[in-house]
Amino acid sequence: MPKEAKGIQLGQLPGLSQLKIIRVFNEKWLDNQVNHPRPQRPGLGLTGYLNHIQEGRIQIFGRTEAGYLRSLKDAERGRCLKNYFALKLPGIIVSESITPEPDWIAAAGRYATPILVSELHTAPLISRLSAFLYQYFARKIKMNGVLMDIMGQGVLLTGASGIGKSETALELVNKGYQLIADDVTEFYLDSNDDLVGRANEIIKNLMEVRGLGIINIHDIFGSAAVLDEKTLDLVINLEKWDPKKKYDRLGEDNLYFKILGLEVPLINLPVGPGRNLSTIIEVAVRNFVAKKSGRKTYLELRSAPAPSLPAANETAATEPGSEVS
Amino acid sequence: MIEKKQQITNKLGLHARAAAKLSHLANMFSADIYLIYNDDKVNAKSLLGILTLAASVGNEITLQAAGSDEQEAIRAIGELFDRKFDEES
Chain F
1 MPKEAKGIQL GQLPGLSQLK IIRVFNEKWL DNQVNHPRPQ RPGLGLTGYL NHIQEGRIQI
61 FGRTEAGYLR SLKDAERGRC LKNYFALKLP GIIVSESITP EPDWIAAAGR YATPILVSEL
121 HTAPLISRLS AFLYQYFARK IKMNGVLMDI MGQGVLLTGA SGIGKSETAL ELVNKGYQLI
181 ADDVTEFYLD SNDDLVGRAN EIIKNLMEVR GLGIINIHDI FGSAAVLDEK TLDLVINLEK
241 WDPKKKYDRL GEDNLYFKIL GLEVPLINLP VGPGRNLSTI IEVAVRNFVA KKSGRKTYLE
301 LRSAPAPSLP AANETAATEP GSEVS
Chain Z
1001 MIEKKQQITN KLGLHARAAA KLSHLANMFS ADIYLIYNDD KVNAKSLLGI LTLAASVGNE
1061 ITLQAAGSDE QEAIRAIGEL FDRKFDEES
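As given, the protein sequences belong to chains F and Z, one line each in that order.
Taking this note's numbering, the leading residue of the first sequence gets 1, the next gets one more, and so forth.
Taking this note's numbering, the leading residue of the second sequence gets 1001, the next gets one more, and so forth.
All the given hints hold, so there is nothing to weed out.
For each label pair, taking beta carbons as the anchor points, the in silico distance ranges come out as:
no.	chain 1	residue 1	chain 2	residue 2	range
1	F	T99	Z	V1057	50 to 60 Å
2	Z	Q1071	F	L16	42 to 52 Å
3	F	R41	Z	S1068	55 to 65 Å
No lab work stands behind these hints: they were computed from the structure.
Since this is a predicted model, take the numbers as computed values, not measurements.
Glycine included, every Cβ here is placed at the ideal spot set by N, Cα and C.
Isolated chain F, as found in the complex:
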C-alpha cells in the first residue's frame, strides 16, 4: 500500500542541517508546516502578482528578490511585503548569506513566518532542499524482495517465501555484487521519477539465511558489499518450475512489473534442480543490458535459416582465378 507523507514542521525538515543555515529570525515559528515537495522562488510574487504563490511551500530569496526589495521606496516595499507575507508562508530561506533587512523580518514576524539564512548559493540550495523534500514527500511502498546492484543495474529478486531469494543473493554477494536490502525493500519515487530502493534502517546490511540465521553482510564481506540505495532497473521473479507453464524460450518476451505506477522490466525465472541461479541471474542482467542497448539476439535468428553450402561446381566458378580456364 503506497503511503503519502503528510506535512512536516520546518524545523524538523530532514537535511536542514546540510543547508548551511547560519542565522534564523522569527525562530519561534519554526514549527510551521511545510506540505509541498518543491520550494518556490517568489519572483513576481513580490511585485504583487500572488496568484501562484502557494501556501505550504518554502520560499527561497536569492539576490534577485533581495535586490528588488532594496530597490523599492519604503512605502512601496511595505505594501509588497505585507501582501506577500499575508499568505502565511511556512518559511523563507535566504541564500548566499544575504542579511535580511529589519523591515522584512518585522513584516514576516507579523504573519508568523520565520526567515532562515543559508550560506549556499541559490541553485545548490534549491537542489539540495528539493532532494530532501522529495524524499520526504515521495510516495513509498514496501516490496517483498531482495534488492541488489548487479553490474550497475538495480535488480529486485522476488518470489515466494522459501524459494531461495536470500541464498541466491548471498551467492551474488560472494561473487562481488552489492546488497541493498534483503527480504523487504522500501521504494520511493525520487524527483526524476526514478524508483529508488533502500533498506529499512532496522534491517540494513542484514540478511536471513536459513540454517545460518541473521548475518550482517557488512561485517562479513566489508563495506564494498553493501549499498545504501539504488535505482530499480529490473525485477527478476523466481518461481517453482512448472512443466505446464510456457517460459520464454527465445528471449522476446517484454514483461513488466508495476510499482507506484511505473513499469519495470520483469523476467520470470523458473527454479529447478540443476539450475545455477546466481549465474543465470548474472547472465540475465548482462542480456538485459545488451537488450537495452538495442541488441536482440532472437531477431538476428529470425531471418531465414542460412542456405546450405552451395554445390561444389558453383563454388569453383566463384573462386578467384577460376576464369583462367
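Given chain F's structure and the hints, the job is docking chain Z onto it.
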C-alpha cells in the same frame, strides 16, 4: 481472506526471537499471511519483514491471511501472541 486484530502483550514486543518464532510458524501454512501495523504491511513469513515493523508491547496489529488454511493459520498465530511467544511464564 480473513483478518484478526491482535494485541501485543509480551514485554519485548516483536523483537528478533519473537519474530523468528512467528515467521517459523507462519511458514508452516500455505496461506499468504500478513501483519499490518501503522499502514505497514509485511509478510509474516519474512523474519526481517516482521522486524521492520518495530511493534512493541501494547500495540495492536492486524493479522491477515488468505489461502486454504487461513483459519488454522490465524488461530495458531493468534495463540502464539496470546501465549506471549512462550517467553514469560
